[in-house]
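Colleague: Using the sequences and the accompanying hints, generate a full structural model.
Residue numbers (UniProt numbering), protein chains in the order written: chain A, 1 to 312; chain B, 1 to 312.
In short, the hints are calculated from the structure, not lab data.
On a predicted model such as this, the values are computed, not experimentally measured, just so you know.
No false leads were slipped in.
Pairwise CB distance ranges, derived in the manner of DEER restraints:
#: 1; chain 1: B; residue 1: Ala251; chain 2: A; residue 2: Thr176; range: 55 to 61 Å
#: 2; chain 1: B; residue 1: Arg18; chain 2: A; residue 2: Ala293; range: 22 to 28 Å
#: 3; chain 1: A; residue 1: Gly53; chain 2: B; residue 2: Phe9; range: 19 to 25 Å
#: 4; chain 1: B; residue 1: Ala115; chain 2: A; residue 2: Arg204; range: 34 to 40 Å
#: 5; chain 1: B; residue 1: Glu23; chain 2: A; residue 2: Ala301; range: 42 to 48 Å
#: 6; chain 1: B; residue 1: Asp237; chain 2: A; residue 2: Thr2; range: 39 to 45 Å
In this text, a Cβ means the ideal position worked out from N, Cα and C, and glycines have one as well.
Protein chains: 2
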Amino acid sequence: MTVAGVGEFGLIDRVTARLTYGESCLLGPGDDGAVVAAPDGRVVASTDVLVEGRHFRRDWSGARDVGHRAAAANLADITAMGATPTALLVALCMPAELETSWAEELADGLGAEAAKVGASVVGGDMSASPTLTIAVTALGDLADRAPVVRSGAQPGDVVALAGRTGWAAAGYTVLTRGFRTPRLLVEAFRRPEVPYAAGPHAARLGATSMIDVSDGLLADLGHVAKASGVAIDLHRDAFEVPRQMRDAAQALGVDPYTWILGGGDDHALAATFPRSVALPAEWRPVGRVTDGAGVTVDGAAYDGPAGWDHFR
Amino acid sequence: MTVAGVGEFGLIDRVTARLTYGESCLLGPGDDGAVVAAPDGRVVASTDVLVEGRHFRRDWSGARDVGHRAAAANLADITAMGATPTALLVALCMPAELETSWAEELADGLGAEAAKVGASVVGGDMSASPTLTIAVTALGDLADRAPVVRSGAQPGDVVALAGRTGWAAAGYTVLTRGFRTPRLLVEAFRRPEVPYAAGPHAARLGATSMIDVSDGLLADLGHVAKASGVAIDLHRDAFEVPRQMRDAAQALGVDPYTWILGGGDDHALAATFPRSVALPAEWRPVGRVTDGAGVTVDGAAYDGPAGWDHFR
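Modeller: Written out as structure tokens, the structure reads:
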């Protein structure tokens, strides 16, 4: 059965029947708008869009995988502000000949990823389109804390990383070369493992700045350095190359640090902390904030690919 | 200059430089998420997507028009819940060869329409895509009131309409036949005139149900009737056919009531009120709620086109 066959309202009924709603969802789908709890009188909101052929391929990722990744990309943005995600809204544009099962499994993936943080899909919109497109808006709750922005890094701060980088990029390279293994890398591309709890933890610990690593560590720390008017120096020794990644890099003729320092899509969180903060295990020190501008590795400019521009 | 030429971050800089921010915007673009005021501890959220070739055509509407309409469609959903809009987030997918001026003028239209209700564009995302697509999420504030949902209509209630219907549909028909006039109808399609204030007013007056007329009056009142478990009967005499519309209908060989009763995209608001409520001029009585199911016109089934399915 295709989405054109069941029609807009039929598909909305099928998809919403599969969703479950978290505590923050005060009014779910079925009206002109949803109502979501915003307990401290503010709401954090972020939008990310995934376009077929640009952010995902249906022959590389299942519908459920794409749902997990679309949700993860947005939930990570909310946690990078130090907030806890509460809700997702999803605009889904689909070719009329798409199987309804694809849309249903996408919804399952979105819902399952959101449920990891107690959030839920509370609303959305659907339209036919020649290009399969998933635009997700995530909402979140700051729990009376100030948002952790990109502009607060101070010279002397420690740069720390929660989660991993390079895995999704390695999986992407594996897929582009026509391989389906190592499975661990490919799965990292299909469904990122985001350290969601580390975002609000960092806010409580007193992080001075934070960002979701989606364009690549060097590029994203470049955004922090620019917004804060500081320089950031990373310590290459802080990044261990895992065995599977080293083996794949060798087999594919790639420097694994181009994945680790330049690859996005794992949705790690990078933050800066005053030196006085005792960092818990989930936050691994990887560099220092200094006076100046730009991002260096062991004091020198890094000459690998710097990051990802969605028009190039 | 094309969007690929200036690149993702260059275009984001150009667009955000044109935006202004309302009172509800506590933290605007430039971080992983925006922060928006939600004074009563809840936020209303709604998402609507516009796809080129399906919802708009670049040869029929300028970029600024498309921005106005994309914002209006979302802001209307918020007001139909009885809430006041506070913020918009916009996911914009564009062909790499699109002129940057198109994206900039789109942002101007979005911002100008949002400013009518004191809201502003607080964040978004951009990506290249073969299909020009604009997904907008609107947020709003209920000011301590309960949301007005679709399921509250009661037998005996008065059905009332704020704003106009059929104008945008008439303009759309004019454009599909290759004409550019009457200008009044074409402009109604390009930039709907939404009775934003009527939504919160209706909530304060005690409306029992409300909906944004986007699929067509009969179709949208059908959603209300179904959700409320009631029947709705419209009085045809309550709908005057304006002169320009009558003339265009005659010239094009169309029954103007197919526009008035079946056309969406003007974003009128339809609501039901207890008979005891004294309706202000902006809310025009057009029918009655009764026991039963479905929507009729003067007691009989209406045999014109019933509404709009976005996959058909």
